[in-house]
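Novice: So you can see what is in the structure, the chains are spelled out below.
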Amino acid sequence: MSGLDEEEVLRSNLRVPALSPEALARIRRATEAEWRAQTGGPPRRLWIPRAAAAAAAILALAAAWQFWLRGANAVEGAPLAQLARAEGAGVVELRALWRNAVLDIGSELRAGGEFEARGGSLLALHGGGNLRVSPQSKFEVLSANSVRLERGEMYVDIPPGAHADASFVAITGAGEFRHVGTQFAIAVVNGTTRLRVREGQVQWHAPAGDSLLPAGTEVLIDRHQNVTRGAVESTGQRWSWTEAMAPEIDIDNRPLAEFLEWFARETGRQLVVADDATRKQIDSIRMHGDIHGLTPMQALKVVMASTSLRFELPAGAIRVSFAGEPPTST
Amino acid sequence: MLDERELINRMRRGEQRAFDEFFDAFAARLGAFAARRSALDAAAIEDVVQTTMINAMRSLGSFRGGSTLFTWLCQICRNQLIDARRKAARQPQTQSLDPLDESLAKVVQLTDFRDPLDECVADSERGAVRRAINRLPPHYARILELRFGDELTVPEIARVLQVSESAAESQLVRARQAFRAEWQRDAAVGDLP
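Residue numbers (my numbering), protein chains in the order written: chain A, 1 to 330; chain B, 331 to 523.
One should not assume that every hint holds.
Label pairs and their in silico Cβ distance ranges [claimed, not checked]:
hint, chain 1, residue 1, chain 2, residue 2, range
1, A, His224, B, Gln492, 31 to 37 angstroms
2, A, Ala166, B, Pro485, 54 to 60 angstroms
3, A, Glu140, B, Gly457, 39 to 45 angstroms
4, B, Asp350, A, Pro79, 42 to 48 angstroms
5, A, Pro207, B, Gln346, 33 to 39 angstroms
6, B, Asp354, A, Gly209, 30 to 36 angstroms
7, B, His469, A, Ala57, 51 to 57 angstroms
8, B, Arg515, A, Gly40, 48 to 54 angstroms
Partner residues are not named here, just some residues of chain B that face chain A (Cβ under 8 angstroms, in silico) [as the list claims (entries may be wrong)]:
hint, residue
9, Gly344
10, Phe353
11, Ala357
12, Gly361
13, Ala362
14, Arg366
15, Ala373
16, Glu376
17, Met383
18, Leu390
19, Ser392
20, Leu474
Calculated from the model, a selection of chain B residues having no Cβ within reach of chain A, i.e. all distances over 10 angstroms [as the list claims (entries may be wrong)]:
hint, residue
21, Val379
22, Thr398
23, Glu486
24, Gln492
25, Glu499
26, Ser500
These are computed hints drawn from the structure, not numbers from a lab.
C-beta: ideal position from N, C-alpha, C; glycine also.
Throw the hints in and build the complete structure from the sequences for me.
Specialist: Structure, rendered in structure tokens:
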């Protein structure tokens, strides 16, 4: 090996990526805690009361500035969604230097706002579709089409054709997740991002490049960008929280077919109609009453009980057929 | 230049500024040391550095100044690296798909975005350099890391090691010779049938 080769080998192999600022901060916290435990920590500092007084003065000035801004400047961020439903303690807008505000149903969530869902929540997106947020999730609205999820889980349900001008983007520490006609769930837990694609595709933009993730894919990306990829079914227990927060539909005087399509989409199943006679029946039946407050599965049982049809739930599907012999046409 | 024994004394008296100086001077360097001396991933390196620093806090009283503070920390770190390697060897080769919850996973496949063949070649060379460096006397390994890993000039190295520039220069030459010998030995072992 020549001297130059040797230098190149040493250079290329002894250069290593530095610990990230986040990693160093975590190490510092742990080390400092141990150091304090061992030494009893630093002696009380005389400058703390003065610093506290200075900080209080700065806070007061900042609060006054915020107050003036809110009063004088009516311009607010672009609206992303409207709060359609909230359970438990609802959705809270987190305001720096200001008291947090619980949102009323119908409130707008606008760019620049930071929110915490204290109970399950349903947001109706302005571009079409909806966003379901699990309890204890924290997120920031970045624009009319993008949200940064800091912790918790979100389910994005955007039917084909919606958000045609600018696709919806969910952002986490693992990158940007852009819907491509999609139902997907994205979660952030202890710095790890988990994406589950239920329908359509999701475009994942990360520092290492772009990937197109199809339905049935689950990806875990830890805080060091290590990726684990696997499969996920479109039905089952893991989606039940999203089904519980499904947007309600009015069924009164609507065809049964419409309800069954809604059920199939909300539960990640394919609608299978046994035969032409059944198809004709579900197109012609008009429903009456309402299913407000029921989950899709509860609603299905209630609705189907009032018809001459029956349903089965084989893996990934709902199959509808006549309960007995189909009527013969005369 | 940091008076290391005095720094430790100030830390033992609970002086916050001393702790900050210590952490800022050594944590990142220790991270680079651990990464160069092992094939562990970033998360494991972070764990090793954290455990090393915590153990150092517990042993502050045992630092006598017989070596530099960084050499002392490196010795603690080496022990942690050995432990980490043992633990890694005991780990299963597959990874759970569902660390966040539930258990319905069907397919487990680890992926990344690099070409496997390129990675294999790079890993092989990295491993050979790591083995050669680990076999060198610590002061030779250190000077090579300063020169080629941290890209320090000879005058800068002389300041870090607290030696004259000519001493640093000649030490660097001897370190390179020693590395070359170890590298060739590694290649010769690799060529054996």
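Novice: Each hint should be assessed against the structure and marked as holding or not.
Specialist: Hints, verified against the model:
no. : hint                                        : result
1   : His224(A) <-> Gln492(B): 31 to 37 angstroms : holds (36 angstroms)
2   : Ala166(A) <-> Pro485(B): 54 to 60 angstroms : holds (55 angstroms)
3   : Glu140(A) <-> Gly457(B): 39 to 45 angstroms : holds (43 angstroms)
4   : Asp350(B) <-> Pro79(A): 42 to 48 angstroms  : holds (45 angstroms)
5   : Pro207(A) <-> Gln346(B): 33 to 39 angstroms : holds (36 angstroms)
6   : Asp354(B) <-> Gly209(A): 30 to 36 angstroms : holds (34 angstroms)
7   : His469(B) <-> Ala57(A): 51 to 57 angstroms  : holds (54 angstroms)
8   : Arg515(B) <-> Gly40(A): 48 to 54 angstroms  : holds (51 angstroms)
9   : Gly344                                      : holds (4 angstroms)
10  : Phe353                                      : holds (6 angstroms)
11  : Ala357                                      : holds (6 angstroms)
12  : Gly361                                      : holds (4 angstroms)
13  : Ala362                                      : holds (6 angstroms)
14  : Arg366                                      : holds (6 angstroms)
15  : Ala373                                      : holds (5 angstroms)
16  : Glu376                                      : holds (5 angstroms)
17  : Met383                                      : holds (4 angstroms)
18  : Leu390                                      : holds (7 angstroms)
19  : Ser392                                      : violated (12 angstroms)
20  : Leu474                                      : holds (6 angstroms)
21  : Val379                                      : violated (6 angstroms)
22  : Thr398                                      : holds (19 angstroms)
23  : Glu486                                      : holds (16 angstroms)
24  : Gln492                                      : holds (22 angstroms)
25  : Glu499                                      : holds (15 angstroms)
26  : Ser500                                      : holds (16 angstroms)
Checked against the numbered hints above, the structure breaks hints 19 and 21 and satisfies the rest.
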